[in-house]
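2 protein chains.
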Amino acid sequence: MTIHDYILKYVDPNFIGELPFSVTTKSFSKNEVIINYGDIENQIYFLKSGIVQVSIAHHDEEKILDFFFTNHFFCSYTSLLKQTPSDVKLVALSNCEVEIIDHLEITQLHKTSLLTNQLGRVLNGKLYLRKVKREKEFLVKSAFERYNDLLKENPEFINQIPLNKIAKYLGILPESLSRIRKQIVS
Amino acid sequence: MTIHDYILKYVDPNFIGELPFSVTTKSFSKNEVIINYGDIENQIYFLKSGIVQVSIAHHDEEKILDFFFTNHFFCSYTSLLKQTPSDVKLVALSNCEVEIIDHLEITQLHKTSLLTNQLGRVLNGKLYLRKVKREKEFLVKSAFERYNDLLKENPEFINQIPLNKIAKYLGILPESLSRIRKQIVS
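Protein chains in written order, with my numbering: chain E, 8 to 193; chain V, 8 to 193.
These are computed hints drawn from the structure, not numbers from a lab.
For clarity, every value in this text was computed on a predicted model and none was experimentally measured.
Please note that a few of the clues may not be correct.
Unchecked claim - Partner residues aside, some chain V positions facing chain E, computed with beta carbon under 7 angstroms:
| id | residue |
| --- | --- |
| 1 | 65 |
| 2 | 124 |
| 3 | 192 |
Stated by the list, open to error - Pairs of lysine-lysine, BS3-like flavour, derived with a Cα cap of 30 angstroms:
| id | chain 1 | residue 1 | chain 2 | residue 2 |
| --- | --- | --- | --- | --- |
| 4 | E | 140 | V | 189 |
| 5 | V | 118 | E | 89 |
| 6 | V | 16 | V | 70 |
| 7 | E | 143 | V | 175 |
| 8 | E | 148 | V | 175 |
| 9 | E | 89 | V | 55 |
| 10 | E | 96 | V | 138 |
| 11 | E | 172 | V | 118 |
| 12 | E | 148 | E | 118 |
| 13 | V | 33 | E | 33 |
| 14 | E | 138 | V | 189 |
| 15 | V | 159 | E | 16 |
| 16 | E | 143 | V | 159 |
| 17 | V | 118 | V | 143 |
| 18 | E | 33 | E | 138 |
Just so you know, even glycine gets a beta-carbon here, dropped at the ideal spot from N, CA and C.
So that you can see chain E by itself, here it is in the shape it has in the complex (with noise of 0.2 angstroms):
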């Protein structure tokens, strides 16, 4: 998928003709760094293919924060709507190829484009849902649900990510996350 199939899925069905911003297209390799800690965030990014890790250091611990996965926007977005160094660091955990919007350019089409400020609202209340849906599962389901829940929602990603980060983002340890495994295979 790319932005522009989003519009027509999410946005406007009947949206036709150019696209109100300029788009370009960039590869990051496996284990590349997208956005660094202290970084400036101005970017806005969809992911074509891959998958994105967001983490967060505390202490000399790296904790994870989310995973994108394909046909999402992402991008260090406390950073980047407050223009502030980034407290979260985005690395490519497979190769990803993602399209690029630039966010001086959107903040001005912001006062006039409407195609702009749908997208915006869009997809600002998709990532918002996601954040709601994953503090009530840590509140109401065991790890156990969880990380089932994640198998059923991106089967086809989920084998491509290291165990024990897996494991950090459903806040267990990996021996956990092993039990729950041979659990679910028996």
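Since chain E is already given, all that's left is putting chain V on it; use the hints.
For chain V alone, kept in the frame of chain E given last:
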């Protein structure tokens, strides 16, 4: 603040004239349920004054997901967007004055109204930022630090919320919160 003021402050400082959507007002008494579990959300609320609690049920226990304070938009967001029964309950923690926008009217306006989309983009973005902030704080800050932040950010409201609810929101026992409060006073 009203929705009109919110638009002037966060969306378009040059906005003049009438809002493209209708706004009604309503009052809720302290402890009144705004949205219950199972309700379908059809409205977006702007909190002119008061405090609203968002909770989720888990077995026989209620977990507190969020508090909304004066000058913020709120609703049962997942229910609104997906038109599914709400899995959260919204309760007025104090007497509340709200302005209400109708979801159906807004959905129609999303097709054509620049201002309505600008407002949606901005408020979805703000909701997402808040959630990301809370998630990060859970991972990297102690309960002491999180309580201190809550005090600093909402000094005028926090004294109106019962301590057992604040403890639930922070994910700690009421006794731990009492210890933290003693530390701060001393």
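For each hint given before, does the structure comply? Return the numbers of the non-compliant ones in rising order. 3, 4, 6, 11, 12, 13, 14, 15, 17
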